[in-house]
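Please build the complete structure, drawing on both the sequences and the hints.
Heads up, the sequence shown is in the working numbering, so the first residue is 80 and it goes up one at a time.
Since the hints were made in silico from the structure, they are not lab data.
Be aware that one or more of the hints could be misleading.
[As the list claims (entries may be wrong)] Ranges of calculated distance between the beta carbons of each label pair, as one might list FRET restraints:
no., residue 1, residue 2, range
1, P490, A451, 22 to 30 Å
2, G453, A491, 31 to 39 Å
3, V315, A245, 16 to 24 Å
4, P414, P278, 46 to 54 Å
Heads up, the beta-carbon is just placed ideally off N, CA and C, and yes, glycines get one too.
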Amino acid sequence: MTTTAEQLSATTLLRFATAGSVDDGKSTLVGRLLHDSKAVLTDQLEAVEQASLNRGQEAPDLALLTDGLRAEREQGITIDVAYRYFATARRRFILADTPGHVQYTRNMVTGASTAELAVVLVDARNGVVEQTRRHAAVAALLRVPHVVLAVNKMDLVDYAEPVFAAIAEEFTAYAASLGVPEITAIPISALAGDNVVEPSAHMDWYGGPTVLEHLETVPVSHDLTACHARFPVQYVIRPQSAEHPDYRGYAGQIAAGVFRVGEAVSVLPSGRTTTITGIDALGESADIAWAPQSVTLRLADDIDISRGDLIAPADDAPAVSQDVEATVCHVADQPLSVGQRVLLKHTTRTVKAIVKDIPSRLTLDDLSQHPAPGQLVANDIGRVVVRTAEPLALDPYEYSRRTGSFLLIDPADGTTLSAGMAGAAFAEAAEAVVTADDAEWDF
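The following block contains the structure:
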């Protein structure tokens, strides 16, 4: 007999993020998804039911399942993405629950940075608003391969198909112009449960999947081994003990790809080449290691290597440069200005840098570029040119979300200023469809 643990270990994992404007019903959708998929513990449900009764509500207010997050925000926490874990018989899920207020757009950047799918909620009464476009732009910038448009509160527009169709058409055209490869639009009522977990009896004109059905069946690729091999060094192991007098190893987590004993590698930014003579994983020697394993590499030559260096195949190493051209999402309350001195954190490496130029800021209404804004303020998306004090080995973000991303940090207090994506801003405009797609993406 197969145990529950064995069943779960055999299922795939989907990381997804939710986003939506204030009062679009995101908290209710998350609560309904957890409740109807039987992912809520009995004592949690009883607490929600009691709290709802105390408020004079007859039915449980499922939005209360995420009320703890609001309490945290009232204490002044600014980046507080809550990760919820649940599972069905078909798939395991990690849900990054992000707030909807424009002030907390930065939270979506955090939650969507590792997501394979983003659920963007829209109030059927309001349609696509500026915050909707902002969330679509963030999802496109972060190369989230699957976007679900959940048109919520369909019960308040009499489940009218023309209302849904108009919103779906407008959003799909906008997201497609940003290069989002796959968009699925679903009409729902989170409050009533229509098309969240169970199909709706009120919308027989809709023949697509429910939200949960789509989450369970959307194609997901976790194959990091097909990506360019990258190994950021976290720590140099040099015990110099009687048992290991000459041991020198370089520990870290493989960001992408595969490394093998005997393989020629380059150490960046120095560019020195050597050969892998050994791989230690979990205290045992191995001939091969792959992402996302944490291992220790042993090399043939005693090269000056420290934390922040990058080891890559000698014939497939990224370019090294001190000039970084990128798109950033500015997440701090203080602006980012031309001439500002910052720290740039890339993988395990942190270097001094200066903002040389801010060529443009994205206008979300029509996707035009506002030239030479001089600075970026909270929630702005713009192009920047940064000059670093030391050379960095960055991949274009379109090739690797791990080694193509970086943070700009205030050197005075360590505050995160901007989240950056090296290289081109958006993918080329795609002809998006409102069905599933097997587009290939590197994570």
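### Task
Please name the hints from earlier in the document that this structure breaks, with their numbers sorted from lowest to highest.
2, 3
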